[in-house]
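**Q** Note that the protein sequences, when read in sequence, are chains F and S. All residue numbers for the first sequence refer to our numbering, where the first residue is 1 and numbers rise by one. All residue numbers for the second sequence refer to our numbering, where the first residue is 1 and numbers rise by one.
One should not assume that every hint holds.
Listed next, with one range per pair, are the computed distances between beta-carbon atoms [as the list claims (entries may be wrong)]:
no., chain 1, residue 1, chain 2, residue 2, range
1, S, Ala29, F, Glu27, 25 to 31 Å
2, F, His10, S, Ser12, 39 to 45 Å
3, F, Arg96, S, Lys42, 22 to 28 Å
4, S, Gln14, F, Glu14, 46 to 52 Å
Once the Cα atoms are required to be at most 35 Å apart in a straight line, the calculated DSBU-like pairs of lysine-lysine come out as [what the hints assert, rightly or not]:
no., chain 1, residue 1, chain 2, residue 2
5, F, Lys53, S, Lys56
6, S, Lys42, S, Lys71
7, S, Lys68, S, Lys56
8, S, Lys71, F, Lys57
9, S, Lys42, S, Lys68
10, F, Lys70, F, Lys11
11, S, Lys100, S, Lys71
12, F, Lys70, S, Lys100
13, F, Lys53, S, Lys100
14, S, Lys56, F, Lys70
15, S, Lys100, F, Lys11
16, S, Lys71, F, Lys70
17, S, Lys42, F, Lys11
18, F, Lys70, S, Lys42
Hints in this document: simulated from the structure, not taken from any laboratory. This one's a predicted model, so the numbers in the text were calculated from it and none came from an experiment. C-beta atoms are modelled at their ideal positions from N, C-alpha and C, and glycine is treated no differently.
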Amino acid sequence: DAGITQSPRHKVTETGTPVTLRCHQTENHRYMYWYRQDPGHGLRLIHYSYGVKDTDKGEVSDGYSVSRSKTEDFLLTLESATSSQTSVYFCAISDRSGGNEQFFGPGTRLTVL
Amino acid sequence: GESVGLHLPTLSVQEGDNSIINCAYSNSASDYFIWYKQESGKGPQFIIDIRSNMDKRQGQRVTVLLNKTVKHLSLQIAATQPGDSAVYFCADTYTGANSKLTFGKGITLSVRP
Chain F
1 DAGITQSPRH KVTETGTPVT LRCHQTENHR YMYWYRQDPG HGLRLIHYSY
51 GVKDTDKGEV SDGYSVSRSK TEDFLLTLES ATSSQTSVYF CAISDRSGGN
101 EQFFGPGTRL TVL
Chain S
1 GESVGLHLPT LSVQEGDNSI INCAYSNSAS DYFIWYKQES GKGPQFIIDI
51 RSNMDKRQGQ RVTVLLNKTV KHLSLQIAAT QPGDSAVYFC ADTYTGANSK
101 LTFGKGITLS VRP
């Protein structure tokens with residue numbers, strides 16, 4: 001998985017609780033992305049980062065926030081988890097924007113009860 | 001990539017046969033295309049890419065064909081093996097600052113022994 005780890009790999013939580021997912025890379029890539037994958041929707045971009053402390057929204061960013069305080073870590077926070085955020089979350093990295101492949105982590109399966 | 005509905009279409013092939021997986025994209029400005037393979041419980045894995053200045057690119061047992069006129073991409077897998085069973089999806093983007101990948105929803109390849 002191209003030097004990308006995600007933690008936790010599985011999590012069950014209750015509606016209304018905050019949740020933070022972590023993505024860690026050892027590739028020193030500048031760009032990092034958070035996606036969610038749901039049946040019928042494929043991969044959808046939540047947020048991305050183009051450098052330390054530089055982040056931007058993707059197509060499904062409502063209810064999520066991110067932070068990137070150092071190159072290797074990109075955190076995704078669900079401020080108040082809802083059942084609609086039950087999904088598999090993938091982190092990806094890239095050393096260039098646009099026109100370049102992204103490498104994915106192993107994913108985190110999140111269930112919100 | 002384009003929407004293919006709630007349930008992923010399935011391509012069933014005999015072990016040893018060649019497989020052809022098709023993908024349509026909608027953005028005529030896209031100039032970079034990727035095929036990913038995703039095995040059950042894992043993150044997407046990069047297979048092969050192609051840029052718009054090419055119409056064919058070969059890798060090990062895989063070939064990608066690009067038809068820009070009809071916005072169509074295909075992945076050919078030679079001598080399909082049981083280990084090729086997975087979900088395959090295409091992604092496209094354009095070369096530009098902060099441009100992002102658009103993912104298709106995928107096709108399930110099932111290899112019969």
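**Q** Evaluate each hint against the coordinates.
**A** Hint check results:
At roughly 28 Å, the beta-carbon separation of Ala29/S and Glu27/F lies within the given 25 to 31 Å, and the hint holds. Between His10/F and Ser12/S the beta carbons are some 31 Å apart, a value that contradicts the proposed interval 39 to 45 Å. For the pair Arg96/F and Lys42/S, the beta carbons lie near 24 Å from each other, so the given range of 22 to 28 Å is met. In this structure the hint that Gln14/S and Glu14/F lie 46 to 52 Å apart at CB holds, the actual value being about 47 Å.
For the suggested pair Lys53/F and Lys56/S, the alpha carbons sit about 39 Å apart, so the restraint of at most 35 Å is broken. As the CA atoms of Lys42/S and Lys71/S are separated by approximately 29 Å, the hinted pair is consistent with the 35 Å bound. Proximity of Lys68/S to Lys56/S is assessed by CA-CA distance (about 11 Å); at most 35 Å being required, the pair is judged to hold. For the given pair, Lys71/S sits about 28 Å from Lys57/F by alpha-carbon distance, which is consistent with the 35 Å threshold.
Straight-line distance between C-alpha atoms of Lys42/S and Lys68/S comes to about 31 Å, which keeps the hinted pair within the 35 Å bound. Taken as a hint, the Lys70/F and Lys11/F pair is honoured in the structure, with Cα atoms around 24 Å apart against an allowance of 35 Å. A distance of roughly 18 Å separates the Cα atoms of Lys100/S and Lys71/S; the hinted pair therefore holds under the 35 Å criterion. Distance hint between Lys70/F and Lys100/S is fulfilled; the C-alpha atoms sit about 22 Å from each other, no more than 35 Å.
A threshold of 35 Å between alpha carbons decides the hint, and for Lys53/F with Lys100/S the separation of about 19 Å falls inside it, so the pair holds. Of the supplied pair hints, the one linking Lys56/S and Lys70/F is violated, its CA atoms being roughly 39 Å apart against a limit of 35 Å. A distance of roughly 28 Å separates the Cα atoms of Lys100/S and Lys11/F; the hinted pair therefore holds under the 35 Å criterion. Among the hinted pairs, Lys71/S with Lys70/F is inconsistent with the structure: their alpha-carbon atoms are about 39 Å apart, more than 35 Å.
Taken as a hint, the Lys42/S and Lys11/F pair is honoured in the structure, with Cα atoms around 16 Å apart against an allowance of 35 Å. About 26 Å separates the Cα atoms of Lys70/F and Lys42/S, which keeps this hinted pair within 35 Å; it holds.
When each numbered hint is compared with the structure, violations occur for hints 2, 5, 14 and 16.
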